[in-house]
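Colleague: Respectively, the protein sequence lines represent chains A and B.
As numbered in the numbering used here, residues 1 to 356 make up the first sequence, in order.
As numbered in the numbering used here, residues 1 to 356 make up the second sequence, in order.
Watch out, some of these pointers could steer you wrong.
With a straight-line Cα cutoff of 30 Å, these simulated DSSO-like cross-link-like pairs (lysine-lysine) come out [as the list claims (entries may be wrong)]:
hint, chain 1, residue 1, chain 2, residue 2
1, A, K177, A, K84
2, B, K341, A, K284
3, A, K341, B, K284
Calculated Cβ distances over 12 Å to all of chain B for the following chain A residues [said to hold, decoys possible]:
hint, residue
4, E42
5, P102
6, P110
7, A123
8, P144
9, R222
10, S234
11, W269
12, V305
13, I312
14, T314
15, G316
16, Q346
Estimated spans, in silico, between C-beta atoms of each pair [said to hold, decoys possible]:
hint, chain 1, residue 1, chain 2, residue 2, range
17, B, S270, A, E176, 53 to 63 Å
18, B, R21, A, H318, 28 to 38 Å
19, B, K341, A, R348, 54 to 64 Å
20, B, K341, A, Q22, 53 to 63 Å
21, A, P326, B, S292, 50 to 60 Å
22, A, P326, B, S270, 31 to 41 Å
23, B, Q346, A, Q22, 48 to 58 Å
24, B, V298, A, H318, 52 to 62 Å
25, A, R173, B, D299, 27 to 37 Å
Quick caveat, the hints were computed from the structure, so don't treat them as lab data.
Idealized CB from N, CA, C, for every residue including glycine.
Protein chains: 2
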Amino acid sequence: MDYALIMAGGGGTRLWPLSRRQAPKQQLPLVEARSMFHVTVERLYPLIPAERIFVVTNAEAARVFQHQVPALPPGNYILEPSAKDSGPAAALGLVHIARRDPDATVAVLPADHHISNVPAFLAALQAAQEVARWGYIVTLGIQPSCPATGFGYIEQGEPIGSAHGLTIYRALRFTEKPSLEVAQQYLASGRHVWNSGMFIMTCVVGLAEFERQQPNFAQALRALSDAIGTPRYSAALAEAWEAAPRLSLDYAIMEGAERMAVIPVEIGWSDIGNWDALLAVLPKDHDGNALSGDVLAVDTHGVLVRGSDRLIVTLGLHDVIIVDTPDALLVCARDRAADLKQVVDQLRALGREEVL
Amino acid sequence: MDYALIMAGGGGTRLWPLSRRQAPKQQLPLVEARSMFHVTVERLYPLIPAERIFVVTNAEAARVFQHQVPALPPGNYILEPSAKDSGPAAALGLVHIARRDPDATVAVLPADHHISNVPAFLAALQAAQEVARWGYIVTLGIQPSCPATGFGYIEQGEPIGSAHGLTIYRALRFTEKPSLEVAQQYLASGRHVWNSGMFIMTCVVGLAEFERQQPNFAQALRALSDAIGTPRYSAALAEAWEAAPRLSLDYAIMEGAERMAVIPVEIGWSDIGNWDALLAVLPKDHDGNALSGDVLAVDTHGVLVRGSDRLIVTLGLHDVIIVDTPDALLVCARDRAADLKQVVDQLRALGREEVL
Chain A
1 MDYALIMAGG GGTRLWPLSR RQAPKQQLPL VEARSMFHVT VERLYPLIPA ERIFVVTNAE
61 AARVFQHQVP ALPPGNYILE PSAKDSGPAA ALGLVHIARR DPDATVAVLP ADHHISNVPA
121 FLAALQAAQE VARWGYIVTL GIQPSCPATG FGYIEQGEPI GSAHGLTIYR ALRFTEKPSL
181 EVAQQYLASG RHVWNSGMFI MTCVVGLAEF ERQQPNFAQA LRALSDAIGT PRYSAALAEA
241 WEAAPRLSLD YAIMEGAERM AVIPVEIGWS DIGNWDALLA VLPKDHDGNA LSGDVLAVDT
301 HGVLVRGSDR LIVTLGLHDV IIVDTPDALL VCARDRAADL KQVVDQLRAL GREEVL
Chain B
1 MDYALIMAGG GGTRLWPLSR RQAPKQQLPL VEARSMFHVT VERLYPLIPA ERIFVVTNAE
61 AARVFQHQVP ALPPGNYILE PSAKDSGPAA ALGLVHIARR DPDATVAVLP ADHHISNVPA
121 FLAALQAAQE VARWGYIVTL GIQPSCPATG FGYIEQGEPI GSAHGLTIYR ALRFTEKPSL
181 EVAQQYLASG RHVWNSGMFI MTCVVGLAEF ERQQPNFAQA LRALSDAIGT PRYSAALAEA
241 WEAAPRLSLD YAIMEGAERM AVIPVEIGWS DIGNWDALLA VLPKDHDGNA LSGDVLAVDT
301 HGVLVRGSDR LIVTLGLHDV IIVDTPDALL VCARDRAADL KQVVDQLRAL GREEVL
């Protein structure tokens, strides 16, 4: 792969109270001792050296990441003026990389996903790079293990070739998070995979889709591209951001792209979308617990404890998540972990900004 | 009743982490806004004025209680040199009260019990006072509502009279905490009540039982009695304490007493022996929760939250106890609350004295 473009500007409340506005998930050491962002960068090194790993994020987060990953050149951080979802963020990154090399292949990657099988992931990236050179936008599709309703799905069409031992399919349709019934049909069909949010393309092809599908924004992007390295850059960025649609990358170009391919992969992927998903990927003791901090767990099974410096005693607990931070404590049934987002929305509605 | 003698020197770990060595249960506001000790004193006022309410405790606890209940005269605190269980503590108190009035009736009462029906309790005390004047040691027996294995039981013998509308029975036998099987037999018999640990007697009769059953200690108590109000008091107390058996009041004299009576009472009694017992007596919301502190409870039922100043969010929880303190957090299944004592013992064995 020529370049990586890591999308690291997101917020998110699904791992509250550990993740906050000031400390979103990608900045946190969740699965390993290093932050999710740090792990995301390091797993690319066999394929892409640090100088070709770019990051789109905000200025505040960039400072945190520079501290966490000193190997990344400071110039590789491309700063968004404000959060405008992943569509504009990806376009901004593509514009910068295209100035260096319009034909470069770029892997647009989330900063906060877990991948346990890194060799398989890197092989998939190499296959995707080849397909991107055929003129496709390629997405990595995750073989579904259950009828999940928390992911988008991609319907596979006919095979269009193979690369690095993987079969490549035309991508027919993107679907947003389905109902359980629809998800079960997808699972039974054998032709649907989860949308991982990882996209591989050449700059030319990606920007051409913005031209075709988001023409106003694309015009501002051309002006922005011309302004790179000039005193006009800030003004051009502000104008581009003014014109930018508040859309995810999926909505902005993927769902309507002309030549979309999907590679079904088995790479031990998780988006760590909630505390229960984190427990699933963490190493566990023989009672199925993942305990961190100063914890005494007695007759406790299937429990995640994320402690800080206080002693935490659990007694007779099953399938519960406990997350202890200095100013907020969460105690949550595992099977309700996916509903935490609504509870955090409730806190926001209650005006509890100080804990968000 | 002439006097009350409140036994307030105990420790206890069954409400950890709120109760600590430095803050035992009777010092804490558990059911009401005032401490258990404070409530224990105030519920006696209709029958016994403050100047005749005596307290046996240690010096450190006495300072806390004086602050909590300024109405109690400082001279009414009788200080134990060290904790030697309730037998010696009660004897020490009886010696002091007997110096004022040997024929006085005294209600020896725990400092940390909850009583919801105070009028019934006061009527029972008046009945007990009458029976104490007949020469009996009287105990209030709690009508058992279940085959509890956490209480001692008293077997009722034949009725020996009635007073204040209550029937008085001879007390045949004290039994320590029974097995479930035995407890079920007791419940079925209709002749067994729980030992509330509340005893009413005259000083003369109580001290006579110490003379008969603990003669060495009683000899030292006589010397102590003579030393009250003299410079020899401290030395005499030290000697008496040296001779004191480390026994509960039950073991020291009640189980072998010559004339024991029991009054079965229904006074809404609880010893608040664990967190689940506390939840049982607390007012609850329509989901059966008792929440204190800064709590957002979503789809939460039958949960006790005892918070401090941090935000606590619960989601999808059932029948769980959460007790949050600055240096320790407990999350416990309700049906395991009675086993907390063992866990605290484990903390002690692990050398975690700083949280005990």
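Colleague: For K341 of chain B and K284 of chain A, compute the direct alpha-carbon distance and say whether it is at most 30 Å.
Modeller: holds (27 Å)
Colleague: Would the non-interface assignment of T314 of chain A survive a Cβ cutoff of 12 Å against chain B?
Modeller: violated (5 Å)
Colleague: Can we trust that P144 of chain A is non-interface, i.e. its beta-carbon lies farther than 12 Å from all of chain B?
Modeller: At about 25 Å from chain B, P144 of chain A clears the 12 Å cut-off, so the statement holds.
Colleague: Beyond 12 Å on every Cβ pair: is that true for A123 of chain A relative to chain B?
Modeller: holds (40 Å)
Colleague: Could one say that the CB atoms of S270 of chain B and E176 of chain A fall in the range 53 to 63 Å?
Modeller: With a Cβ separation near 54 Å, S270 of chain B and E176 of chain A satisfy 53 to 63 Å, so the hint holds.
Colleague: May I ask you to test the hint 27 to 37 Å on the CB atoms belonging to R173 of chain A and D299 of chain B?
Modeller: Given a distance of about 35 Å, which is inside 27 to 37 Å, the answer is holds.
Colleague: For a C-alpha distance cap of 30 Å, please report whether K177 of chain A and K84 of chain A respect it.
Modeller: holds (21 Å)
Colleague: Just double-check Q346 of chain A for me: nearest Cβ-Cβ distance to chain B has to come out over 12 Å.
Modeller: violated (7 Å)
Colleague: Could you say whether the range 53 to 63 Å given as a hint is met by the Cβ separation of K341 of chain B and Q22 of chain A?
Modeller: violated (41 Å)
Colleague: Check the following: the C-beta atoms of R21 of chain B and H318 of chain A are separated by a distance inside 28 to 38 Å.
Modeller: Holds, at about 31 Å.
Colleague: When you look at the beta carbon of E42 of chain A, is every beta carbon of chain B farther off than 12 Å?
Modeller: Correct as stated: the minimum Cβ-Cβ distance to chain B is 33 Å, above 12 Å.
Colleague: Go ahead and decide if the range 52 to 62 Å is satisfied by the Cβ distance of V298 of chain B to H318 of chain A.
Modeller: violated (19 Å)
Checked against the numbered hints given earlier, this structure breaks hints 12, 13, 14, 15, 16, 19, 20, 21, 23, 24; the rest are met.
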